[in-house]
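Protein chains: 6
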Amino acid sequence: MEGPGHIVTFGESLIRLSPADHLRLQQTRVYESFFGGAEANVAVSLARFGLPVQYVTCLPDNDLGLACRHYLRQHGVGVDFIEMRGDRLGLYFLEVGSGHRPSRVIYDRTGSAFAAMDADAIPWREVFAGAGWFHWSGINPAVSAGAAAATAQAVASARQAGLVVSCDLNYRQRLWQWGAPPSAVMPDLVRQSDILVANAASPMLGLPDLPVGRNPAEAAAACTQLSGLFPNLRQIAMTCREVDPAGDQRYTAVMWQAGRLVTSPTFMIRHIVDRVGAGDAFMAGLIYGLVSYPDDPQRVVDFAAACAVFKHTIPGDANLAGREEIAQLLVTGNGYDIIR
Amino acid sequence: MEGPGHIVTFGESLIRLSPADHLRLQQTRVYESFFGGAEANVAVSLARFGLPVQYVTCLPDNDLGLACRHYLRQHGVGVDFIEMRGDRLGLYFLEVGSGHRPSRVIYDRTGSAFAAMDADAIPWREVFAGAGWFHWSGINPAVSAGAAAATAQAVASARQAGLVVSCDLNYRQRLWQWGAPPSAVMPDLVRQSDILVANAASPMLGLPDLPVGRNPAEAAAACTQLSGLFPNLRQIAMTCREVDPAGDQRYTAVMWQAGRLVTSPTFMIRHIVDRVGAGDAFMAGLIYGLVSYPDDPQRVVDFAAACAVFKHTIPGDANLAGREEIAQLLVTGNGYDIIR
Amino acid sequence: MEGPGHIVTFGESLIRLSPADHLRLQQTRVYESFFGGAEANVAVSLARFGLPVQYVTCLPDNDLGLACRHYLRQHGVGVDFIEMRGDRLGLYFLEVGSGHRPSRVIYDRTGSAFAAMDADAIPWREVFAGAGWFHWSGINPAVSAGAAAATAQAVASARQAGLVVSCDLNYRQRLWQWGAPPSAVMPDLVRQSDILVANAASPMLGLPDLPVGRNPAEAAAACTQLSGLFPNLRQIAMTCREVDPAGDQRYTAVMWQAGRLVTSPTFMIRHIVDRVGAGDAFMAGLIYGLVSYPDDPQRVVDFAAACAVFKHTIPGDANLAGREEIAQLLVTGNGYDIIR
Amino acid sequence: MEGPGHIVTFGESLIRLSPADHLRLQQTRVYESFFGGAEANVAVSLARFGLPVQYVTCLPDNDLGLACRHYLRQHGVGVDFIEMRGDRLGLYFLEVGSGHRPSRVIYDRTGSAFAAMDADAIPWREVFAGAGWFHWSGINPAVSAGAAAATAQAVASARQAGLVVSCDLNYRQRLWQWGAPPSAVMPDLVRQSDILVANAASPMLGLPDLPVGRNPAEAAAACTQLSGLFPNLRQIAMTCREVDPAGDQRYTAVMWQAGRLVTSPTFMIRHIVDRVGAGDAFMAGLIYGLVSYPDDPQRVVDFAAACAVFKHTIPGDANLAGREEIAQLLVTGNGYDIIR
Amino acid sequence: MEGPGHIVTFGESLIRLSPADHLRLQQTRVYESFFGGAEANVAVSLARFGLPVQYVTCLPDNDLGLACRHYLRQHGVGVDFIEMRGDRLGLYFLEVGSGHRPSRVIYDRTGSAFAAMDADAIPWREVFAGAGWFHWSGINPAVSAGAAAATAQAVASARQAGLVVSCDLNYRQRLWQWGAPPSAVMPDLVRQSDILVANAASPMLGLPDLPVGRNPAEAAAACTQLSGLFPNLRQIAMTCREVDPAGDQRYTAVMWQAGRLVTSPTFMIRHIVDRVGAGDAFMAGLIYGLVSYPDDPQRVVDFAAACAVFKHTIPGDANLAGREEIAQLLVTGNGYDIIR
Amino acid sequence: MEGPGHIVTFGESLIRLSPADHLRLQQTRVYESFFGGAEANVAVSLARFGLPVQYVTCLPDNDLGLACRHYLRQHGVGVDFIEMRGDRLGLYFLEVGSGHRPSRVIYDRTGSAFAAMDADAIPWREVFAGAGWFHWSGINPAVSAGAAAATAQAVASARQAGLVVSCDLNYRQRLWQWGAPPSAVMPDLVRQSDILVANAASPMLGLPDLPVGRNPAEAAAACTQLSGLFPNLRQIAMTCREVDPAGDQRYTAVMWQAGRLVTSPTFMIRHIVDRVGAGDAFMAGLIYGLVSYPDDPQRVVDFAAACAVFKHTIPGDANLAGREEIAQLLVTGNGYDIIR
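Protein chains in written order, with my numbering: chain A, 1 to 340; chain B, 1 to 340; chain L, 1 to 340; chain H, 1 to 340; chain Z, 1 to 340; chain R, 1 to 340.
The following block holds chain A by itself, in its conformation from the complex (with noise of 0.2 Å):
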């Protein structure tokens, strides 16, 4: 077990499926894969960065549950609580685009063992012990009915035991089938945590006014707006993709910090080896941020920044970045040489 301080992420557990070399879902034969999920992929990037990390999750008991849970490991994240149990191991099959064909995802996590869960399938006051941080995000009440409940005993619980709360929003539209639609469940969760990235905010907090963020301006006047709404949050985050016609992408994030706001460099992405997971990256960047510059917001919302860049150039879901490469990204602002 970690010592005292360490960061918990609760969440579901992925395969994703994909065709090689841009090939069409109709037209391969082979798929790669990689593991995912987004708090997975936010506990392997703060281990990375060498944070002592747990992930909580259900994994069937088979080779694959079996196998992601060793890739966790791998990775240095703590898998002490993690329950072996359930069906099967939810997929998803990504067809990746490219140029003026986007990328489509096509879910298969419907049964899962994560899905499966009941409320109170996690033994929270044990997970919690000596534990600092807890991260959840959006994605694990729109699972099932289930998966709601138990994330409801987990913020719950993370507040009473005086743990820092951390939400990635995580807005999937095609998720929430179960019954309730996110803004009859999220702003609960959301009033007992701390800490907010507050991308798709309007859907998924019922606030149909509310600036969408697509530029920087935008986005510093959604987050006023919700630290208005939400006086519990203590940081609130957003961040921008900017496309123009020949597909690139102008990357930019905004948080507020007790009234003051405060925004990245704009990184200009151009070509784009993998960008799943990027919000997840972003996510792992500021909590490490928070962590290790708790007085400096803006070195705080630049490193979160810089990490979700950075994934664009990382095959698969996670940012298996170092601290130091975050770090010389910012120094020197591109990459596109050879270290030698």
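These are computed hints drawn from the structure, not numbers from a lab. All C-beta atoms, glycine included, are put in the ideal place defined by N, C-alpha and C. Mixed in with the good hints, there may be bad ones.
[Said to hold, decoys possible] Residues on chain R that point at chain A, a partial pick, calculated with CB under 8 Å:
#, residue
1, H22
2, Q26
3, Q27
4, R29
5, S98
6, R101
7, P102
8, S103
9, V105
10, R172
11, R174
12, P245
13, R275
14, V276
We have chain A; now place chains B, L, H, Z and R onto it with these hints.
Just chains B, L, H, Z and R, lined up with the frame of chain A:
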């Protein structure tokens, strides 16, 4: 649509995902995929032998379901009665063993489009118009209560429409999770069929005393015994694999017809490319033989056994063989040559 | 067979063999293959858009010819009139360039089943029964004297049968080795057609003074001029690629119809997965548009241009796109997103 | 850290690089890699059998060393005492033979982080705190003078700390380049060990008259003779491969314990996926057996032999098998089945 | 240029295209390629054995022809007399069988640069300056009338220049399409040769009563009979494969020399990596043996047989073996070991 | 051997091992390999341009050394003076970055056959017989004291034999571990050379005040300054990459000759297949240009710059381009087309 006398098969389609080069599931990052499913395999083999065939199933209306449909069409199978609905395509993960390590299957087919079918999902009257033969297997009722009910309707409708009905018992120990045991469902359906491939008849039909059929003599005894118990059956066939300590397999098929037993040559199988689907290849060979050589049971069982043997040389679930190749194998008795 | 009004396309099918990952032909030991051929590509795209289509060609009666036939069937193309005869399937080797290195093609199609065809190889009367549209391209008469003669018969028969006839000039400098230059063959055939894609009209039709069409204005001028020279043509279209020094391409299509010129939006193409077949995608989009929106030439040219742009994102020769994807591209103007 | 009684193994880790599909080194452009090293393989197998184990080595502090460390962690091996220092990770190139062509190894391990170790590189007292078993092999002192000295310290410390000490002689003719011959180093170390796998004892221990052990009878004689020469040894085991002209191998293990000889079943090995690491699999099986069934030497040698046989079916250097699979093999005697 | 006494081989080079992993041609999207051609294979093997050798052929002057030329140069074959002209490089598609499925070849070599050659395409006087040996095979005259005429010129020139002339009959049923049957062409050319590999002599030389040579005794009889019919021949060799029902092959070679018959050991071949080119490996071994051990026919036939057996273990068409490996095989009689 | 006037290059050869598809070293199980080494790359490019060239190095006498030797021979490089001795072939692992992630090299070349060379390892008099040009780079003396001494002998011998001597400074920060800093070794060797590629001249020649050369103007200033300090130099060239925030590179070369400065066009590089070896491609282009167009410095620098730009499109270390392709690039200014 096919002309009068075409064959209809009905069952579930699955994607198989396998690591390459005998890697274990816990070692792989890449999966090779094939479409399979017992009755789909039978349909593909029959189409390649030149018989008109329609395959009936439910597939999800997404890129995976469409890819499966296109695969069937590619090989000449009629897809006019495939229902595009439901949530997911069933999967199975196949770890390919070798030598002293058996192959292992992880099924992930719960909640598939096929399993979610209800009793009257398929317009059987329409499907059977102009058809002459209906084939199903014991996997169908193993999958879910709905699929079992639909299968019962299918068999009854086929019988009513005057079709020849063939059944492969296809025992799968890990299925049959929905409530009823096979012995509560299968006997009645078999009683409405004309032709039976009877491997594992003991658990499937609730006949604990039936010989298991590990060698041709035992198989012959079992067939004879079954002919007494199910007097409706016109042909009863079984296949045996006798394995020596180094893994060589002696493969023989036996068929009972009208009180007479015929036995195929025994083939020695040493090098296996892909064993999955050998039973379906046998089934297709049996149907092809019964249609083509109705008066020559020896030729029928020889052809069917050679189909199963040939299948071991072909990657994937279906026996992508031509009639001439099977005929050639029966002449030469082995391969190991270069035709140039 | 398809119902009245289906489309017939006629041309040569080829196997493309390419090294992966931008390797040069002199570096590779492995080739990726795709089936292609201009008119086959048009047929596949139309079938995927939901229009009934028959593709006519000659294929050798071996496993390669059959694999090609099955490929077409897989994508829903009718193969009822494919003649299985001749010695070989044409090939081409494609070295895929990048950046400052152009892609290079080595044709190996001499003596193919298609090239060996004689004038009356195809029973056109039978083929055109119930058909409404015939499409051919300038590659057919470029291949051999026999193919040229068969094409002439096809065009004449189609005209006689009252079909709409469309032609893509499809200039290939390295073909036309059999004796006649294009300008001796094409003008007469174009005079019997209704719709023309007119890129490279100058060498193909022997019109040295025609504007080349490097930009939309020039293309418009060329279309107008052609409309005067070939008054039989109801629609004349051209496409332009304007390339900047870093390789970005600005892609625009122009169409003349009944004295009116319409111009598509200009798409910026930066990241190319596979450029081969973009012209065929355009052609299929044009046919689909003219069939579906006969009174809206702007919509036609927009749809066709978007097809060509979308094709750049798909590996292989054919535009494996759905109608909705093309429609979506016209709404958003770019991709670069994840649909999940 | 592990609890009291855990196992410690110590040795060099290497990257194996192999061409795929039996290509020769002079033909390949692509290498498959696995991490290996005799004692690392033993550790991985023990961890997968569920025993607590720490692996001690030196790895360079670069991405290759880290990847190796992560690989061990992935499979559940403790990495708390791995020293991250030195210049390079040792490599070996393995050309995988087949049939009449033997496999060939090119070692490239000179100057590795492990070889560059000096006598007191490892804090053995700390390492052995709470441990119950120490395993080393004859490869360690073969690598360099420093590694030999460190091994001597390790064995002495382990003995002093009261641990059980096991040794696999692991003769490698091409190593031992640093000065001393094996017979000058090994006997003294073996005299401080409790358990010995004694293949190639003749060159390793300087006993020219010892039977080589090509068959079980000879192996038994050699074990008995060794028990007289090294009265400290509690268990002495040897394995034999008897190869017939077609390459089938008859594999048998023999163990001497307290004056009694036990012999495993003889396994017929015909199809080999990967032979490397079979000896390490045997060693791990032996340790597992001695820990788990201390009073049943027959069960120990059977389990160990089955481990070695099973390893031939798994790609890579380590025996990624579970206990149950080994137990199952001992029951069925062969594989060649599909578990579904 | 090589010194006096070098060897010249003459024939057609081809690209082989094969699906991987035993996929059928109708299943694959990827082809592995190797350069081959009987006489090129002989040249490569001789060069790797250390003998100076020039290979004469025609190759198209494109990237494929150049890649083939570079391949030969890579392995040390002299390419000074390769003519770069003609339209295409011949191809063949090889579907690799296994077990009961034979391998199948689709030739696509009509119209190749070699086939298009005319009688005096090669400046034989220049080519043979300083050479000591000329090797050709029965494939050359099978390809086209021009190639047959050029071969006749080559044999006559070689004889005139006093070279040793060797011939491998190399029967290919599917070639010989240009008009003359083999029996009309070959006998005269064989009469001008000194050494003959005589498999399939019956159809190639028009000798219907000659024993076929399925076992060593029959082969010996055939060689003896041929020595009477062709008294010019100094050595006549044949090879036999006796296949058992499980596909194991017993491989033996027989050679007649000056009235004496020598027989190689019989090798048991069970696991085959690639059978293509085994005959060419035998031929190269025979030439190497006759050059190196002119007074020891037993050693010659043993070496040649071992070359053929060893070739079964190497991917591709050529026997990339060293002399020492062949010698080693003759000592150990089998492989199945790891040299480390 | 080559005729009078051939070129000799001297340096170390390495195997490059890279993960595919931008995977990180910690993610990959498969490595792609290429042979490289600065001076070997120059030799390969010159041989493909049609100039006679011998490459001098030491390679280990194992399958890797032989494979490297064969690779050079394949591309037409003379290998007559390669010494087959020493223990190992140097390696480097290349993690290929993308976008904001730089590529990273792990060198593993210590103790290589080249590094282990002593001062008089190469018989330079023999090597230089009939040669006209000697090329070396600053990597040679960076590797080891022995290699530095051998390089000094080479340069002195070449000068004495009246050869033109060219040098590429080729700064590699991580080498130079053997004792002397570059500034203690290089100036004297540069003083004996005629042509210099002078990137990173500041650290290599100990000139802290020299302009770094980030843009053409600075580069021109540096060249001019160097021409004063090293009056022996007849040509001094530098190349600049100006990178914008999205990673596009503007590539320009500058050359000083006899007091005159010439500047190449500026190429915009956006899509990079493989950047390694661009400097070597430039060097080969410079040598080719100086040999072919001795009176046209503008043509020389244009050709050399186009070589470097073209190299970015080719996988591997060497510029496998033909002269005509480079000439074509100078005409069109970009690629992005299909030549068919």
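Here is what the structure says about each hint:
The beta carbon of H22 (chain R) comes within 5 Å of a beta carbon in chain A, closer than 8 Å, and the hint placing it at the interface holds. Residue-level restraint check for Q26 (chain R) holds (minimum Cβ-Cβ distance to chain A is 6 Å; threshold 8 Å). At about 7 Å, the closest approach between the beta carbon of Q27 (chain R) and any beta carbon in chain A falls short of 8 Å, and the interface hint on this residue holds. With 8 Å as the threshold, the beta carbon of R29 (chain R) stays out of range of chain A, its nearest partner Cβ sitting at about 12 Å, so the hint is violated.
Contact between S98 (chain R) and chain A, as hinted, is supported at the beta carbon level, the nearest pair being about 5 Å apart and thus within 8 Å. A cut of 8 Å between beta carbons decides the hint on R101 (chain R): the least distance to chain A is about 4 Å, and the hint holds. The interface hint given for P102 (chain R) holds, since its Cβ lies 4 Å from the closest Cβ of chain A, which is under the 8 Å cut-off. At its closest, the beta carbon of S103 (chain R) sits 4 Å from a beta carbon of chain A; the interface hint therefore holds under the 8 Å criterion.
For V105 (chain R), the interface hint holds, the least distance from its beta-carbon to any beta-carbon of chain A being 4 Å, beneath 8 Å. The beta carbon of R172 (chain R) is positioned within 8 Å of a beta carbon in chain A (closest approach about 6 Å), and the interface hint is therefore held. Taken as an interface hint, R174 (chain R) checks out: its beta carbon lies about 6 Å from the nearest beta carbon of chain A, inside 8 Å. Interface hint at P245 (chain R): satisfied, since its Cβ lies 5 Å from the closest Cβ of chain A, which is below the 8 Å cut-off.
Hint status for R275 (chain R) relative to chain A: holds, with the closest Cβ pair at about 7 Å, below 8 Å. The interface hint given for V276 (chain R) holds, since its Cβ lies 7 Å from the closest Cβ of chain A, which is under the 8 Å cut-off.
Figure legend: structure checked against the earlier numbered hints; the only hint not met is number 4.
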